[in-house]
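Chains A and B are the protein sequences, given in the same order. Per the UniProt record's numbering, the first sequence runs over residues 1 to 160. Per the UniProt record's numbering, the second sequence runs over residues 1 to 410.
By construction, these hints were calculated from the structure, which means they are not laboratory data. Glycine included, C-beta positions come from ideal geometry on N, C-alpha and C. One thing to keep in mind: the hints can contain errors.
[What the hints assert, rightly or not] Heads up, incomplete: computed chain B residues facing chain A, CB under 7 Å, no partners named:
no.: 1; residue: A10
no.: 2; residue: L11
no.: 3; residue: A27
no.: 4; residue: V28
no.: 5; residue: R31
no.: 6; residue: R33
no.: 7; residue: G125
no.: 8; residue: W200
no.: 9; residue: A209
no.: 10; residue: L406
no.: 11; residue: A407
[As the list claims (entries may be wrong)] If you want a taste of the chain B side facing chain A, the calculated C-beta under 8 Å gives, among others:
no.: 12; residue: R2
no.: 13; residue: R178
no.: 14; residue: R300
no.: 15; residue: I302
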Amino acid sequence: MDDTFDDFVRGRGNALFRYGFVLTGDVDDAADLVQEALLRLGDSWHRVIRKDDPEGYVRTIMARQHISWWRRRRRERLMADAPDRGYTDVRLDGDDALWAELATLPPRQRAVLVLRYYEDLPDAEIAAILGVSTGTVRSQASRALDKLRVGRRAALMEEV
Amino acid sequence: MRTEQDLRAALQEAAARAVDPADIADAVRVRRRRRTHRRHQAALASAVVVIVVAGGSAVLRGGGGGSTDAGTTAAPTTHATTASPASAPPSAGPAGPDLRKFLPARTVWPDAVFTIPAEAPDGSGYSPLTALSPTELLMIARTKFSKIDRLDVYDTGTGESRVITRMPASKKDYHQWRFEVGADYIGWYGTMLNGRKGGWADFWVAPRAGGAAIKVGEVTGDLSGVSAIGVSSDSFVWSIRPGGVYRMPITGGSPEKLAGTDGLWLQSWPWAVDVPPIRIGQVQDRNQSKLVNLETGETRTIIPPAGVKGLGCSIEWCLGRMGNAVIVMRPDGSGLSRIPVPSSYLLPPLGSHFAQMSGAVVYDLNTGKKAIVGVRPVGYSWRATSSSPLLSWEAGRGKLDVLNLLAVDG
């Protein structure tokens, strides 16, 4: 460990937390995700700083971890039969409605959209990050985009 | 029909609105430490087992139990940092203080907390770096890709900002790590995020009054392992991780080691100390024993009280750990007292006479007043500068709250 890791965490922590928040849609999950990813980054800091790009490394861990945690947590939540934590104090219009509907996407589809539209990454890079083919990235993105439009109509219908 | 642009906007808006959690760096520090502790426990437990087995005794369960305990607690289950007001305070541990009993900084120091826009007039993201005066904040303006674009001064009295200097064009992976404000110049250093074999860093300054950035020089090898920086009237100054303080003339020239600085680390120019900076994942047990003025050569000797660990001093105050308590004293040993806020780790003093405890509590060492920063018990932002007299946190809805400690005494 050295000071550059400390500096990296201080310098990039909040930006990574925001990335975690758009990935997960939940502040607790985002905080967990970023801390866990930074712990792992810390373990391999010397290797990463020499060979790779730590920011890319930690963002990759976060995207992958989000997908695997989501599966586990979903199981836990289903098994615990927890009541929906779904309340919101924001008005659901425009961006807010779209944000809320992102929560209806499976985690990989959401990750693809975040990497493409929040991180502005090309599909080939997204494929490398998630460990899938470029074709999968395209099809997941396409399904997610379709669903967000359908999801919006469904939500409007439910409101009536 | 929604467009891809709407999606971009929704994601960015949500990210901008997310209330920052309490310091992620501290949370990671604490988690690393807990894990190390657990590993030690596990190692100890195994050692016990070995000894017990060798001795042929039947007390095996003791060792086995310890081992199981260490194993089952190893899973990361806690939300050490969260933006939820109901959850435990970050990093404070199970015995941490109930942060709800502290008053917010805005109530305690109403003239020192300001709400400022989180965006510059041109739409760049704003993060406060430090306070230059009771009304002037030095701001980092970032592009939407989080690249540092320029330094501004924001006046909390008038609500206006002006550009101090623009960051020179740089490669994608270049990152400016630390900024430090000197009497005449603001200095900073950067490295490549992807690393470069053997290390590399470059040093810059800009006039504090405003003006173009001046490249001081580049260093490689050990000299690029920067632990702290400073700017004197004519030089860029830095210390390196193994210790030792160097300078390079602002007008350009070769790096030169300051005489007698072996085993010293820059704290805040012109002061250097004989303990390395606090690092994530490590607990500093060593006590600082001196403060050295690198301009005048003056050395102040610090005598740590018995039982104190991790004593660290600025020229005004020292903070250290004694058992589970935090103690403060003047560097000359006077004014020794306990801070009535438990904290599991120590950060260097903030500004001239403040301490930050348990992540979100700010304690005025001169008056004993304390307050909580953040939205309820959460959130303050990172510090990219040493002993900055400023803390900031997300206020939501495109605003930041700033506690300017220079305005506390006003």
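Status of each hint after checking the structure:
Because the closest C-beta pair between B/A10 and chain A is about 4 Å apart, less than 7 Å, the hint holds. About 4 Å separates the beta-carbon of B/L11 from the nearest beta-carbon of chain A, less than 7 Å, and the hint is met. Hint status for B/A27 relative to chain A: holds, with the closest Cβ pair at about 5 Å, below 7 Å. With a cut of 7 Å, the hint placing B/V28 at the interface with chain A holds, because the nearest CB-to-CB distance is about 5 Å.
The beta carbon of B/R31 comes within 6 Å of a beta carbon in chain A, closer than 7 Å, and the hint placing it at the interface holds. A least Cβ separation of about 11 Å between B/R33 and chain A goes past the 7 Å threshold, and the interface hint is therefore violated. Interface restraint check: B/G125 against chain A, minimum CB-CB distance 9 Å, threshold 7 Å, status violated. The beta carbon of B/W200 is not positioned within 7 Å of any beta carbon in chain A (closest approach about 12 Å), and the interface hint is therefore violated.
Taken as an interface hint, B/A209 does not check out: its beta carbon lies about 26 Å from the nearest beta carbon of chain A, beyond 7 Å. A least Cβ separation of about 22 Å between B/L406 and chain A goes past the 7 Å threshold, and the interface hint is therefore violated. At a threshold of 7 Å, the smallest CB-CB gap from B/A407 to chain A is about 24 Å, leaving the interface hint violated. Proximity of B/R2 to chain A holds as hinted, the smallest CB-CB distance being about 6 Å (cut-off 8 Å).
Checking B/R178 against chain A by beta carbon gives a least distance of about 7 Å; that is within 8 Å, so the hint holds. Hint on B/R300 is violated. Least Cβ distance to chain A is approximately 25 Å, over the 8 Å limit. Annotation: B/I302 was flagged as interfacial toward chain A, and the flag is violated, the nearest CB pair being 23 Å apart, outside 8 Å.
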